[in-house]
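Novice: For reference, the chains in residue letters:
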Amino acid sequence: MRISRKVVLVVLMLFMFGIVAGCGGKAGGGEEILVGINAELSGAVASYGTNARDGAMLAIEQINAEGGVLGKKINAIERDNKSQADEAMSVSADLVGKGIVAQIGPLTSGNVQGCTLVMMDNKIPLIAPAATAVNVTVNEKGETLDYIFRVCFIDPFQGTLMAQFAYENLGAKTAVILKDASSDYGKGLAEYFKKTFTEKGGKILAEEGFVKGDRDFRATLTKIRGLNPDFIYVPGYYEEVAPLIKQARELGITAPMGGGDGWDSPDMIEVAGKANLNNTYFTNHYSVQDQNPKVQKFVKAYKEKYNKEPDAFAALAYDAVQLLAQAIKDANSTNPEDIKNALENIKDFEGVTGRMSIDEQHNPVKAGVIIEFKDGKQVMNTRIEPK
Amino acid sequence: MLELMQQIVNGLSLGAIYALIALGYTMIYGIIKLINFAHGDVMMVGAYIGFFSVSLLGTNIMVAMIFAMIACALLGVIIEKVAYKPLRRATRIAALITAIGVSLFLEYTTIFLLTPQQRIFPQGAFPVHDYNFLGLSVSNKDIFIFISAIVLMIILQFIVKNTKTGKAMRAVSEDKDAAVLMGINVDNTISMTFALGSALAAAAGVMIGVYYNTINPLMGILPGLKAFVAAVLGGIGIIPGAMVGGFILGILETLVSGYGNSLYRDAVAFGVLILILLIKPTGIFGKNTGEKV
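Here the protein sequences line up with chains A and B, keeping their order. Under my numbering, the first sequence has 48 at position 48, and the numbering climbs by one with no breaks. Quick note, my numbering runs 387 ahead of the 1-based positions in the second sequence.
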């Protein structure tokens, strides 16, 4: 008896909540478009979420200043997921209940995966600004998740970009891969690099590995020195890569070396040393130094509004909102289903982080930037458009 | 040929590090028959003390090493008094498990107090020069670590063989009860052994910090295990054996990475441990003494 009364109460409450939420949605339906921002505003990765929120809000402000989308203003509801996957899920459920047409965020791959089920069940598209893990947009069977999109390239794609840079810009014909074999990140980048480099006509002389925690690489490096490659690809994280580069230069290896965004840390310069890092490059999503007018316009507006430099999270979240606005325009509708279909067909969208087209797995095919270490400073070398 | 020579140089400097840690391992085992799995972590604590001495107090590397050795000698004595002494009459497996507990305690206390982030050893602490002999590159830190390992081994051998304390250590090692009857203070002797072994670990820790530039709370695990393999390979409890075992292991690993597959390196190192335990458990320098009945 008691149980059934409780159930009735819960059902009743849910029903009432539904009416309230429905009313809210309907009331806003006429003049504004509700967009949920589910971000890590506190907790372990609060800096990712805060910067992304700032980027997204700037985009919304700019869109609204220009008259909004389809004559309607965008109204953002921002919520903190405390950097936790379960919290991200309840935030999503709450936002969906409020009648959003799409959700921007969360930032980390794990937190996006926390929301996946809610978005799929309610058929509301989610655009992840910075979730780079491969399995964010596909399920375990490899099927694309219909309502999950992202504006950042997946981790392994950096291998493709670096192979293109090494072959075309550095003129490398031979390369050696020395990967972090204990992480999916290192293995994925290595695989894509190898594929693109050999397709272009380059030759991989050897593929070697190391594992997390290694500090002595001289045996492998001595072997590589004997092979005398034009380029050495080292996909891994800075803890291992920094001493590796130092030891390589100490052994007299002068070939250019490259890696992915796992290199992006101030520790690199301190551990490896300024001079040793010269002639090394890594791929990243975006650089504040990019002289592209679109980037500079964004950087200027962001600095004026927040008085700080926009990082990659801010830029990617800005693009996520702009991409959503584009999809709504293309669909000529604010129905989540129509928006999802429009997102799938995005071609050559011009974002701050590069021109992008959404592929069948909901990953953007887009440009990246090559950052070079020059006398202990990170300098943008070039922007690489995928071919 | 040049490549092989370079690989041997690489192997010798890696082996010197293993040898340095293995010395402390083998010494403690030699005296009280305890495999002190916390040895690698004492080394880590030593590296941190050296790091703070250089970065906060601005001392030079030699002073930092002395600080670290004194502090770790004390730490070693405390560990022995708190964790191992109450178990002296217990089974050896109980002491062994306690050693693993001490190891985890040191690792995670350091993580708790100092965060798991790596720290960068100040580059100015030990200016590095690279020498190039006909394409063979050797740096002064390779030479430094190599010579330190040999000098420390000789000092240790001298203490154990030619001093009164050393004589007491050997007596305790042979028969604890008889040693007591001969008027030897067993507690003090064992404390002395731990102090000496831990000071050696601290020296190794500071050297590794200098050598690889970075330190972190879990840096002791893998070198500790490798040093254990080296000690067993040379014959555990035998001081020159630890040295030789360390160099053999270093060169072996280097050759595997250099001429085989770099990812099989650790597998080969631990494969050696299994092989030696199967074929000659007493190690290269070990004598085949039958169990006393």
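Just so you know, these hints were derived from the structure itself, not from any lab. For glycine and all other residues, C-beta sits at the position ideal for the given N, C-alpha and C. Be careful, since some hints might not be right.
The calculated EDC-like cross-link candidates involving lysine to aspartate or glutamate, where the alpha carbons are at most 16 Å apart (straight line), are [unchecked claim]:
1. A/246 with B/517
2. A/300 with A/61
3. B/528 with A/61
4. A/212 with B/653
Not close to chain B: a few residues of chain A, all C-beta gaps over 12 Å, as computed [to be verified]:
5. 63
6. 139
7. 250
8. 251
9. 271
10. 332
Novice: Please go over all the hints and tell whether each is borne out by the structure.
Specialist: Consistency of the hints with the structure:
The suggested pairing of residue 246 of chain A with residue 517 of chain B holds, with an alpha-carbon distance near 12 Å, which does not exceed 16 Å. A C-alpha spacing of about 15 Å is found between residue 300 of chain A and residue 61 of chain A, which places the hinted pair at or below 16 Å, so the restraint holds. For the hint linking residue 528 of chain B to residue 61 of chain A, the alpha-carbon distance of about 58 Å lies beyond 16 Å, and the restraint is violated. Of the supplied pair hints, the one linking residue 212 of chain A and residue 653 of chain B holds, its CA atoms being roughly 12 Å apart against a limit of 16 Å.
Against the 12 Å criterion, residue 63 of chain A stays outside the reach of chain B, whose nearest CB is about 40 Å from its own CB. Every Cβ of chain B is farther than 12 Å from the Cβ of residue 139 of chain A; the closest lies at roughly 31 Å, confirming the non-interface assignment. Listed as a non-interface residue, residue 250 of chain A fails to keep its Cβ farther than 12 Å from every Cβ of chain B; the least gap is roughly 6 Å. Residue placement check: residue 251 of chain A does not keep its beta carbon more than 12 Å from all beta carbons of chain B (closest about 6 Å).
Not every Cβ of chain B is farther than 12 Å from the Cβ of residue 271 of chain A; the closest lies at roughly 5 Å, contradicting the non-interface assignment. Annotated as non-interface, residue 332 of chain A keeps its C-beta farther than 12 Å from every C-beta of chain B; the closest such distance is 51 Å.
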